[in-house]
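Chain by chain, the residues:
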Amino acid sequence: MPDWLSALLVTLLKAVLVALALLTAFAYMTLIERRLLGRIQLRPGPNRVGPLGLLQPLADAIKSIFKEDVTVTLADKLVYTLAPILAIGMALTAFGGIPAGPPGSLFGTDPWVYNLDAGVLALLALTSMGVYGIFLGGWASGSKYPMLGSLRSSAQMISYELGMGLSILGLLMLVGSTNFLDIVEWQAGARGHGWLILFQVFAFALFLVSSFAEVNRTPFDLPEAEQELVAGYLTEYSSIKWALFQMAEYVNIMTASALMSTLFFGGYRGPGFLEPLIPGISSWPLVWLIAKIAFFMFLFIWVRATLPRLRYDQLMRLGWKLTLPLALLNTVTVAAVLAFVPPEGLLGIPRLWLLGAVSLLLLLILFAASDAVRGLWNAPALRQGDKRVPGRTLGGD
Amino acid sequence: MLLVGLGIGILAVVVSGLLGPKKATRAKLMAYESGNDPERGGVGTGQRFPVHFYLVAMLFIVFDIETAFFYPLAVAYQKLPQFAFFEAITFVLLLLVGYVYVLKKKVLEWA
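In order, the protein sequences belong to chains F and A.
When we follow our numbering, the leftmost residue of the first sequence carries the number 1, and every step to the right adds one.
When we follow our numbering, the leftmost residue of the second sequence carries the number 1, and every step to the right adds one.
This is chain A alone, in the form it adopts within the complex (with noise of 0.2 Å):
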């Protein structure tokens, strides 16, 4: 499946790229900025950007490691015995912790 997508997104750019017409101009080549020749920005000029999606992929890092250490034991959950509600709780509760500590920090807040 996966090499039959891959295979028909090549496939499409390849016969696109055979069949359109090449005709470059110097206007046409140039990104896009209201008609002005670009500043710095896009790959490799050093733009900067906002700290916030850093701040966001960390801590996406974070809870989706333990959204996959629930995974297993959700399949799992109906075979454990009641024991198993008050783990999951205290792991539950000490990731609210550093999400409560994110918030008073206002890492969430979009100004």
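For reference, chain F alone in the conformation it holds in the complex (with noise of 0.2 Å):
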């Protein structure tokens, strides 16, 4: 068998593994959020199918499979069959760039499906493609709803990509790369300088903000708001195509968590003082990478039991007057910090650590001025016509 013709079939066979996963994964996750939901709210969840309910996901996947297709008559058929399959394409294959482990950890292979050079732009480009699943898809409806809702979601998400972009240049700029690799042996490897978080803790927080937008999650999910817009872009969608939608929805969850724990929770590495007592445990496959999804995606769950969701003008207040250029003034703080501090540090204290304290900084502030704030996006919608009235506490609190 020739170079090529192996290494193409080792990919195929990971790139098929990581997908049936991700699958898999999704599955569960369904049931695990709702039975972490039901612990939040005191009553059990589902625990009827399968020891512990561990036979619900599967039970639900043969109901999805066998339920009727239905399209309805003023739909746009190929459009229509063409969103899901796309919205979950591209939500799949964003995952695959991300490094599972070292290079050549995984049976001698390299725990990932492909690395690019520029790894974190073309995931960001191919999250933003499933845009185009959750447009087309409600647009293809025929229907006043799903048209909303699809309009919301997509005017929703690119809105907080641009936080997500700008808010990752910083931590670019101290690293030097955009290749996952080179950003995870950058923290934690053998010249390793720490979790990025240290360095660049207010752009986590806009990331952290963004993505929670960006896969239309509480407290931003407001283009799925049932009590709203029937089910947004949703609305006409049956059976094994909406599965398709959420299992995307829940596959970007995934790839956003990942996302955050490789850009600046060190990634696969596990923390370096485990070394001594466990020779090579920080590098072991898999299980970091894993772990740290786990926590984000807990993360994800948690918010969704605990906060109402924004309203809508507040929400695309947030993301344009708060998340973009509070992400735009943490670039110009670390290019700053970058120019104009000598890598030694001044007054003894190394440049990171300064960054560091800058960012914590910068965090506290905003902590301290959220109610000054908070009439950038909270404020009450305006009619035609309407007059705000100068002190009058602002709506929503």
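The set of hints was computed from the structure by calculation and includes no laboratory data.
Keep in mind that this is a model prediction, so the values were computed, not measured.
Derived lysine-lysine pairs resembling PhoX-like cross-links, with alpha carbons at most 20 Å apart: (1) F:Lys321 <-> A:Lys104; (2) A:Lys23 <-> F:Lys67; (3) A:Lys23 <-> F:Lys63; (4) A:Lys105 <-> F:Lys321.
Hints in hand, dock the two standalone chains.
So this is what it looks like as structure tokens:
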């Protein structure tokens, strides 16, 4: 067998494995989410199908495959069918670029499907391709509610994509590469500087908010607000097509979690201080990345159970008036520190730690000023001819 | 990976299309409109929607291009002389002028 063929086969095999793993993870993620929501609200959650409800995802999958696949008369047949396929395809592809271990650590092969030099860019591009799936799906349904839902959803996703893209610029300046391996090794490898959250906590806060909005999760799940817009862009979908959209959403959540762990929390590397206890523990493949992803998924569910939803105008204002300028501010701050502070730092404090302190300070200022800046995004929607009364408390509190 | 992802999607749709029951009735195929016959809306019926969405998309294009300019700058930043900082700041300030104009025009107010 020629070399390129075996390489191709290995890649294909890994792609299939990753895709199947993601789909299984999606299925059990729905179960875990429902059970956790149950626990948080002091009730058991699904526990009838199989022990601990473990067969529930299987039952759901079989049900959705055997359901009738309804295509409404007004729908654009081709686009209506293609949209969920596009959504799931892009979502699965995006995840393949995340490295799950050091090179060559997975039975002699590399624990990722593809590794691009512009990895971060490719991942952002692929996740934003998901907007097409959602928008086309809503448009092709040939009905009002899906159309409005998809318009809202795509406007929201592209708005917060800006915050997402801009908030990691400071991080890229520090690392000097957009390759995931470089980013992870910079944090925890042989010349490890420490997890990037230490130096970029402000950027992480912005990135976290943006990724919640980017994957349409609570508190930013307005496109699917059942009480307001029926089911948003999903209104006309049934059976497996609906399931594919849900799948794409959950895979996007996993990708966002993996992205956060890789960019800010050392990715597939474990903490170095465990190294003296059990040699090699920090470079075990899969284990650390999965643990970190699980943590962030728990965070997603926890937030869903805890926070109320924003209003749509508040959501857009939060994205454009707060996240975007603050992400720019973070970028400029990092640039200024890198330009004017020598590498060895000032007053005996190394430059990186100085940067971390500045970043933390920015976050604290934001928290302290949160009441003052709330008017930026929490203002009540003004109707034509309304005048804002000065001094009146802004709505929503 | 792309092929596998799309392939899984196509496979799922085809399998479900083969397995599911097929009993279409007129009422079942109606678009959702709380039981009424749908009025205009959706594909090709010229439904109008708020211009805000258009404005947001336009702004997104502008600022996303800005982001695209920043990426190479960010990656190469530590190799550049201090002068690069001032150049970047100039660019950011120019964009901020546009941003403030947009704010003052109340494009970002969702009334």
